[in-house]
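Colleague: Sequence:
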Amino acid sequence: AGVVHKKEFLETYAAATAIHNANFSNDDDTLVADLAAGHGLLGWFLLMMARDSGVKKRRVICVDHRKPSSADKISKVMRKILVDELRWSYTYLEVPLTAIKPNHKSLLASVHACGTLSDVLIEMAIQNGAPLALVPCCHTIDDSMGYQPHQLSGMTLDKVKKLVQEEKRRQQQYTSNNVRLDNEAILANVVDKVRYNTLKEAGYGVDEVMLPKTFTPRNRLLLAKPMKTIEFDKTGNDSQQSFSKPIMNVRRMPPLISLADTPGEIKRLAALQNAHSKIRDRTQQAQRQRPPKHFSLHLVVWLSAPTNGDHDGTRPIVSMETLQHLVDQICNERRMVCIVEADGDAISSTDNQQSQLYRFRYKYQSEERCEDMSRTAAKQAHKILRDKIVATFGNQVLR
Numbered sequence: 295a296g297v298v299h300k301k302e303f304l305e306t307y308a309a310a311t312a313i314h315n316a317n318f319s320n321d322d323d324t325l326v327a328d329l330a331a332g333h334g335l336l337g338w339f340l341l342m343m344a345r346d347s348g349v350k351k352r353r354v355i356c357v358d359h360r361k362p363s364s365a366d367k368i369s370k371v372m373r374k375i376l377v378d379e380l381r382w383s384y385t386y387l388e389v390p391l392t393a394i395k396p397n398h399k400s401l402l403a404s405v406h407a408c409g410t411l412s413d414v415l416i417e418m419a420i421q422n423g424a425p426l427a428l429v430p431c432c433h434t435i436d437d438s439m440g441y442q443p444h445q446l447s448g449m450t451l452d453k454v455k456k457l458v459q460e461e462k463r464r465q466q467q468y469t470s471n472n473v474r475l476d477n478e479a480i481l482a483n484v485v486d487k488v489r490y491n492t493l494k495e496a497g498y499g500v501d502e503v504m505l506p507k508t509f510t511p512r513n514r515l516l517l518a519k520p521m522k523t524i525e526f527d528k529t530g531n532d533s534q535q536s537f538s539k540p541i542m543n544v545r546r547m548p549p550l551i552s553l554a555d556t557p558g559e560i561k562r563l564a565a566l567q568n569a570h571s572k573i574r575d576r577t578q579q580a581q582r583q584r585p586p587k588h589f590s591l592h593l594v595v596w597l598s599a600p601t602n603g604d605h606d607g608t609r610p611i612v613s614m615e616t617l618q619h620l621v622d623q624i625c626n627e628r629r630m631v632c633i634v635e636a637d638g639d640a641i642s643s644t645d646n647q648q649s650q651l652y653r654f655r656y657k658y659q660s661e662e663r664c665e666d667m668s669r670t671a672a673k674q675a676h677k678i679l680r681d682k683i684v685a686t687f688g689n690q691v692l693r
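In terms of the numbering used here, the sequence shown opens at residue 295 and continues consecutively.
Errors might be hidden in some of the hints.
20 Å max Cα-Cα, derived SDA-like pairs, lysine to any residue [as the list claims (entries may be wrong)]:
no., residue 1, residue 2
1, Lys-682, Gly-638
2, Lys-399, Phe-318
3, Lys-487, Pro-511
4, Lys-301, Lys-399
5, Lys-507, Val-298
6, Lys-677, Arg-576
7, Lys-351, Asn-317
Cβ pair distances, simulated, as ranges [what the hints assert, rightly or not]:
no., residue 1, residue 2, range
8, Ala-685, Arg-653, 21 to 31 Å
9, Arg-653, Met-504, 54 to 64 Å
10, His-299, Ala-640, 29 to 39 Å
11, Val-297, Ser-642, 54 to 64 Å
12, Lys-300, Ser-363, 13 to 23 Å
13, Val-297, Cys-408, 46 to 56 Å
14, Asp-436, Ala-685, 34 to 44 Å
15, Cys-432, Asn-689, 33 to 43 Å
16, Lys-300, Arg-463, 33 to 43 Å
17, Ala-479, Asp-637, 47 to 57 Å
18, Gln-674, Lys-494, 56 to 66 Å
19, Asp-437, Pro-511, 23 to 33 Å
20, Val-684, Ala-640, 15 to 25 Å
Please keep in mind that the hints were generated in silico from the structure rather than gathered at the bench. The C-beta atom is built at its ideal place from N, Cα and C for all residues, glycine as well.
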């Protein structure tokens, strides 16, 4: 509870159900690559469904450039639920997508692949003859965001933009003036149609499944299976030419991780996951040892009373030492530390009053070391300090 939003939980479960029922492979040893995995929920759902349907050898590899803390929390629970033969069939790699080499037998899956990431995954599947399960989202036809229709679609960017405008005009004819068009849905329909045609031209059989709209408005799931058998040489490399040329003519880093479901590769993936965990642990330890963050808040305090006779001259002088003494009383009750510093020189007003800007640097204090403090906590302590100054010296002391 509280680890993943309910909406995300339900839509991922719905997508996993459709993917599991699609029967991408007749083999029991299907490897699923959950790309841009985030929480890693999709992979765990697919493993649970494999357990319930008697599939013993399904394996899941989650790939994302950063593993969120929620993924660790979910993994901790799921490894207790699943039996030994499945719970160790889950790997999470913190690497960019450019660091992996899909295998033609591995299913590439992604739920809510944002923007042009959907097009990158489609190209990745086509280049490797891999099946694909994709829920696109955050559709765009902005070339500055990297969007270009795939060459296999037979479309140009201008043609796609024209289709979007034509669809808007067509729907406007059948819509009341008081009803606002769903421009995002129109854009999504056109862009996903281009993606559908791209996969068909690449030799895929493509099914379109609509997830419950109550879970997500971007509910289209594309299930694509290559209809053409690719011959591979003994090294596992494609002995034929690729279906298409890359989307973008850029130099990519060489593949580092092969998503091949072989004993050697499984062992290598386990070693990589262990290495990434050690690196993350060292990073977290270094963060704990670095100097703590603090938040600086300010107060302007009058140092002297006016000399024009409008004041009785009884205003107390509030020195930096006095402020430090007050703030120490407040912080000691809250396991905090605050250092008071003068920020610049005192300033004289037109009636010869002097005021001083003070900086208050807040942080937590444990028995061993100072720790990071949130801005919210610092503001709460600062408000208490203001109230105490007013209670002690009166409201007129603050400028």
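Colleague: Each hint needs a verdict: does it hold in this structure or not?
Modeller: So, going through the hints one by one against the coordinates:
1. For the proposed pair Lys-682 and Gly-638, the alpha carbon gap of about 24 Å is over 20 Å, so the pair is violated.
2. Only pairs whose Cα atoms come within 20 Å are accepted, and Lys-399 paired with Phe-318 is accepted, the gap being roughly 9 Å.
3. With a C-alpha separation of about 17 Å, the suggested pairing of Lys-487 with Pro-511 holds against the 20 Å cut-off.
4. Distance hint between Lys-301 and Lys-399 is unfulfilled; the C-alpha atoms sit about 31 Å from each other, more than 20 Å.
5. Proposed proximity of Lys-507 and Val-298 is supported: the alpha carbons are some 19 Å apart, at most 20 Å.
6. Between the alpha carbons of Lys-677 and Arg-576 the distance comes to roughly 37 Å, so the proposed pair goes past 20 Å and is violated.
7. About 14 Å separates the Cα atoms of Lys-351 and Asn-317, which keeps this hinted pair within 20 Å; it holds.
8. Distance hint for Ala-685 and Arg-653: a CB-CB separation of about 22 Å, consistent with the stated range 21 to 31 Å.
9. Distance hint check for Arg-653 and Met-504: the Cβ-Cβ separation is about 57 Å, which falls inside the suggested range of 54 to 64 Å.
10. Checking the proposed 29 to 39 Å range against His-299 and Ala-640 shows it is violated: the Cβ atoms sit about 52 Å from each other.
11. For Val-297 paired with Ser-642, a C-beta distance near 57 Å keeps the hint of 54 to 64 Å intact.
12. Checking the proposed 13 to 23 Å range against Lys-300 and Ser-363 shows it holds: the Cβ atoms sit about 19 Å from each other.
13. Range check, Val-297 to Cys-408: about 21 Å between beta-carbon atoms, so the 46 to 56 Å window is missed.
14. Take Asp-436 and Ala-685: their Cβ atoms lie about 57 Å apart, and the range 34 to 44 Å is violated.
15. For Cys-432 paired with Asn-689, a C-beta distance near 51 Å fails the hint of 33 to 43 Å.
16. At roughly 38 Å, the beta carbons of Lys-300 and Arg-463 sit within the given window of 33 to 43 Å.
17. Our hint of 47 to 57 Å for Ala-479 and Asp-637 holds, since their Cβ atoms are close to 53 Å apart.
18. Against the hinted window of 56 to 66 Å, the Cβ-Cβ separation of Gln-674 and Lys-494 comes to about 59 Å, which satisfies the hint.
19. At about 25 Å, the beta-carbon gap between Asp-437 and Pro-511 stays in the expected band of 23 to 33 Å.
20. The hinted range of 15 to 25 Å is satisfied by Val-684 and Ala-640, whose Cβ atoms lie roughly 21 Å apart.
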